[in-house]
Amino acid sequence: LTWLSEKSAPVFVVATANDISQLPPELLRKGRFDEIFFVDLPMAAERGEVFRIHLAKRGRDPGQFDVPSLLDASKDFSGAEIEEAVISALYDAFYGQEELATRHVLSALAETVPLARTMDEQINRLRSWAEGRARNASVARTVKSNAEVRKMEL
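Taken in order, the sequence shown gives residues 660 to 813; the numbers are from this note's numbering.
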């Protein structure tokens, strides 16, 4: 703790926590970390980027996919869950001896229960904790409150 507040080297310290509310207050006070950011689930535009990244990473042209449909089907999905849906869709297409298409990804998304639904109470508790205590990591969320952004996304 002393090093965090007295460091003189040009070091930027990054730390993550699955539940920041469980960390001791002396670790969170100003001077230890310059800023606390809250990383929420990706919004529509961010999910679109995640789809584009993971489709391209697997040699597919994201322009050949109905991304708006994928966004509608992936509300409340994390980036990791989207990646796994793309991977699962690739397996399904391969076993069907077909080229990967939007319908394969939509099917994989439909078969996935995202953590946001499984752990809804815990995630909402973290969001409540972050409100007024942490900066939003998402650029879109810095303009409006989480509630306003979520209403816009519906």
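Worth flagging that the hints you see were computed from the coordinates, not collected in a lab.
One should not assume that every hint holds.
What the hints assert, rightly or not - So the derived label-pair ranges between C-beta atoms look like this:
id, residue 1, residue 2, range
1, Glu770, Arg717, 15 to 23 Å
2, Leu663, Asp725, 12 to 20 Å
3, Lys666, Arg762, 50 to 58 Å
4, Ala793, Asp720, 15 to 23 Å
Nothing here was measured: the structure is a model prediction, and the numbers come from that model.
C-beta: ideal position from N, C-alpha, C; glycine also.
Each hint tested on the structure:
no., hint, result
1, Glu770 x Arg717: 15 to 23 Å, "holds, 19 Å"
2, Leu663 x Asp725: 12 to 20 Å, "violated, 47 Å"
3, Lys666 x Arg762: 50 to 58 Å, "holds, 53 Å"
4, Ala793 x Asp720: 15 to 23 Å, "violated, 37 Å"
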